[in-house]
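A.B. asks: Chains S and Y supply the protein sequences, listed in that same order. Per this note's numbering: the first sequence = residues 1 to 74. Per this note's numbering: the second sequence = residues 1001 to 1352.
If you're looking for bench data, these hints aren't it; they were derived computationally from the structure. These numbers were taken from a predicted model, which means no experiment stands behind them. Heads up, a few of these hints could be off.
Computed Cβ-Cβ distance ranges for the label pairs, DEER-style [as the list claims (entries may be wrong)]: (1) Y:I1082 - S:L25: 16 to 22 angstroms; (2) Y:A1319 - S:I60: 34 to 40 angstroms; (3) S:P45 - Y:P1342: 48 to 54 angstroms; (4) Y:A1319 - S:E54: 52 to 58 angstroms; (5) S:I60 - Y:E1334: 35 to 41 angstroms.
Just so you know, even glycine gets a beta-carbon here, dropped at the ideal spot from N, CA and C.
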Amino acid sequence: MPHLDARHLFCPLPVIRVGERVRTLAPGDVLTVSCTDRGALQDIPAWCRLEGHELLASRIEPTGEVSITIRVHR
Amino acid sequence: MDPGIRSQVQRKAVVLLSGGLDSLLAARMMLEQGIHVEGINFYTGFCVEGHTHAVRWDRSRRAVRHSALHAAEQLGIRLHIIDVIDEYKDVVLNPRHGYGAHLNPCIDCKGFMVGRARAWMEAHGFDFIVTGEVLGQRPKSQRRDTLPVIARESGAFDRLLRPLSARLLPPTLPEREGWVDRERLLNLSGRNRKPQIAMAQAGGLAYAQPAGGCCFLTDAHYARKLRDLWNSRGERRYDFDDIMLLKIGRHIRPRPHFKLIVGREEGENHFLEGYRHRFIHLFATDTKGPLVLLQGEAEDEDLTLAAAVTARFCQGRDAETVRVSIVRPGGGEERRTVTPWPVDQLPREWYL
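Only chain Y is shown next, with the shape it has when bound in the complex (with noise of 0.2 angstroms):
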């Protein structure tokens, strides 16, 4: 450290750190110029954090770990994960910048995020932000024009520091006023990470790297099942509820008024058992097979219809008939004898 730049005062940095690479190296480099540095994690409810693999039992044995707590017990740093599921609603159904590929608001979220980092730092007397955002690395977010529009819309302005681009960037506060060199940070740019994992390794760091990325938003998949519930309520809200049933089970329409989801394995069926308070659920009596949720309105042939579709996913669904439990979430039940649905002819278009 250069006596000459830096002032005698320790500042303090929070991170936003995801657990991913970028961030933990942003850290790492911070701490290194003798900042106090602690990590900020926010959960909107589409994180994700294994959610799927944790429910369904075969692959349960994989435990679940929070990349960020496990990135900050690497730095040494404390890690304060933030509740944002419903503030973060306002993000998802109304961004002023739109949307990414699919339902991802990636600029206003990045925003939001900075903001609330805004907010805690201020709260807790800290003096800058620090994220490991690199010019180029994404298409929405991480353009030249729009980081300098996170800064803003945030207020966070120039106490935002991207120690990864920065020497691309503008000088910020922490930089003008000697809190951090800026010859040491970095001038990253674009979507090769060779660098960044050049990097981690020679500093013997371990970091995630999400296969399918960070957030379900950017799933398309996962986008088409969100859409499909607006499209279905004829507006676009969501409760936590809907958002993490979207990650579980088959999801299949068959009729624009209802839904079916059907459990795949038998930690999902556990799963959906905790929602049999608020949906009518069916399943074979006599068969081995999932539980299927019915979200919507059913009149009476489509109970009918959700029943042999059912028993098209149970063990007996070649038999001729298939004996299917309707319970509605008050309490009363009824048993239907139907005809498995056959397996081959389950239109395509009702998988969502």
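Only chain S is shown next, with the shape it has when bound in the complex (with noise of 0.2 angstroms):
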């Protein structure tokens, strides 16, 4: 599965690796991203909302880190 490393960036720089990335890939992808802003709850979330893309899961692991799965939709 896909994994996009946005540790240690602060928002937006995760939202803008994640858009990156996603272009990548194809529809029915699976990407997870590990960040340590925790914004990233909020604006991953939301991007994937306007830009129709699937939000799968998101949580904070015992680390302190977030977690968050999207499924690529176009």
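Could you fit the two chains together into a complex? Lean on the hints.
C.D. replies: So this is what it looks like as structure tokens:
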């Protein structure tokens, strides 16, 4: 499964990097993203809603990192 | 919509969407005129997006939210967030129109962003550019004599529409061609934002109100630290890590050839740990305290001084001596036992 390491990046860079990565993927592909900026918990789902991608999961790991999984829809 | 004035083709506008009130309203006005609107937002590295709060653990429960993303959600439009960190350096370092009160190159910045939006418009088959600029609202970039400069230098010319002040300005191409109805645009000017606030309330729009503005370059304290960085290097240059580090910690310059960045709490210490591979770092070994990065060149006596300052900020600051670890980027570590710098004797001029 494709994975994007967006740790140590601050808002909005995780969103920008997710957008760049998604453009290389095909509809139906699932991407997981790791972040340290908890703003990503709001921003990446918002970006998915605007772009029509599906948010499959978002959570804070025991390490404090944010993990987000999305399915590419277009 | 007046069918007599409107074209049958739905025209497309790209809006510079900052997430603030004015661009939100400008975008809404275009949507109300039946224009297809998409937002564009540029990330320069200096944008205020709550980075300091994101780093500091004591406040990190308050989620960072990218204002323009949430403005776009309210409007129901797509938003294109574009990384311009590298290109933007020339704007900061060589502003043709100079700086504002601090290191804010506002006219060049706006010209740059509108210029990038123009390129995007042309590449994506859009018809015009919209901004939330208001005549007379900003002392540099929104004056009657500088608004045309931005239109000209960006290459947008009359494809740049400012809906909030349009009726005070010459008609633009979208108005002349009837893509938008000029009579439904506004004639706002000046710094009074009551009309915009009333419009937002009437339209049920929520918007960001950054207390310190939306750009660190307008912040006196940040600008002082950036100038210090350039002075210490003997040249005006920066990389992305430089400008991020200026947002974090206490910055203390005891000597011209080095400065210390002192974490203020656990979150900042954690953030600074990510830079241990680039800088000498120091910390007290037997008592709680900050992680300290040393930026610059340090002789042996400088390391002792840096250790004493590190000890001053640790919990053992009142002890006779504190043991401090000094670690070089390659991994070489030594420990020195130092007398903490007296709490009330750290010269104020060392603080940046």
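A.B. asks: Hint by hint, work out which the structure violates, then give me just those numbers in ascending order.
C.D. replies: Structure breaks no hint.
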